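Mind the numbering: the sequence shown is residues 11 to 110 in our numbering, read in order.
I should point out that these hints are in silico values taken from the structure, not numbers from a laboratory.
These numbers were taken from a predicted model, which means no experiment stands behind them.
C-beta atoms are modelled at their ideal positions from N, C-alpha and C, and glycine is treated no differently.
It cannot be assumed that every hint is accurate.
The calculated label-pair distances, taken between Cβ atoms and stated as ranges, are [said to hold, decoys possible]:
#1 T95 x G41: 20 to 30 Å
#2 G42 x K103: 26 to 36 Å
#3 R51 x R105: 50 to 60 Å
#4 N71 x K99: 38 to 48 Å
#5 A46 x R70: 45 to 55 Å
#6 R96 x G65: 52 to 62 Å
#7 R70 x K104: 32 to 42 Å
#8 E75 x R96: 16 to 26 Å
When the alpha-carbon atoms are kept at most 30 Å apart in a straight line, the in silico DSSO-like pairs for lysine-lysine are as follows [as the list claims (entries may be wrong)]:
#9 K30 x K66
#10 K74 x K30
#11 K64 x K74
#12 K66 x K102
#13 K99 x K74
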Amino acid sequence: MENAQERRKIRTSKKYSELKTKVQIIQQAEGGCRVADIARRFNMSWSTVRDIIKGKERYRNIAKETDGSMRVVKLRNTNLVTIETRLLKWLKKKRVEDLI
């Protein structure tokens with residue numbers, strides 16, 4: 011019982027995959043490899059591999075814009091990006107008007 015409780019207390023650090031690794035996973039999935047085989051090959055859980063394959067278009071678009079070595083921690087919601095862009099424009103405008 012103590013071993014089980016001790017194991018629960020140990021936290022593993024979150025692993026982030028590089029973009030080029032994600033693109034390789036997508037290519038192998040499209041080549042006909044099974045998700046479980048890809049997961050074993052890259053030492054990941056099958057659910058992580060499945061999520062990468064599910065977001066393949068987003069990862070491909072990012073890979074086109076970058077050199078591919080970038081780590082993608084979390085893809086941001088486009089609505090949030092739009093709101094932040096508008097907020098930044100508003101702040102710049104107010105700064106010019108000396109209101110802030």
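Against the structure, the hints:
1. T95 x G41: 20 to 30 Å: 38 Å, violated
2. G42 x K103: 26 to 36 Å: For K103 against G42, whose Cβ atoms are near 53 Å apart, the range 26 to 36 Å is violated.
3. R51 x R105: 50 to 60 Å: Holds, since R51 and R105 (Cβ atoms, about 51 Å apart) stay within the stated range.
4. N71 x K99: 38 to 48 Å: Hint violated: Cβ distance 24 Å, outside 38 to 48 Å.
5. A46 x R70: 45 to 55 Å: 23 Å, violated
6. R96 x G65: 52 to 62 Å: Cβ of R96 to Cβ of G65: about 25 Å, so the range 52 to 62 Å is violated.
7. R70 x K104: 32 to 42 Å: Holds, since R70 and K104 (Cβ atoms, about 38 Å apart) stay within the stated range.
8. E75 x R96: 16 to 26 Å: 22 Å, holds
9. K30 x K66: 12 Å, holds
10. K74 x K30: Measuring from Cα to Cα gives roughly 11 Å; hence the hint holds.
11. K64 x K74: The given pair, whose Cα atoms are some 18 Å apart, holds under the 30 Å limit.
12. K66 x K102: 35 Å, violated
13. K99 x K74: Roughly 27 Å separates the two Cα atoms, so the pair holds.
Checked against the numbered hints listed earlier, the structure breaks hints 1, 2, 4, 5, 6, 12; every other hint is satisfied.
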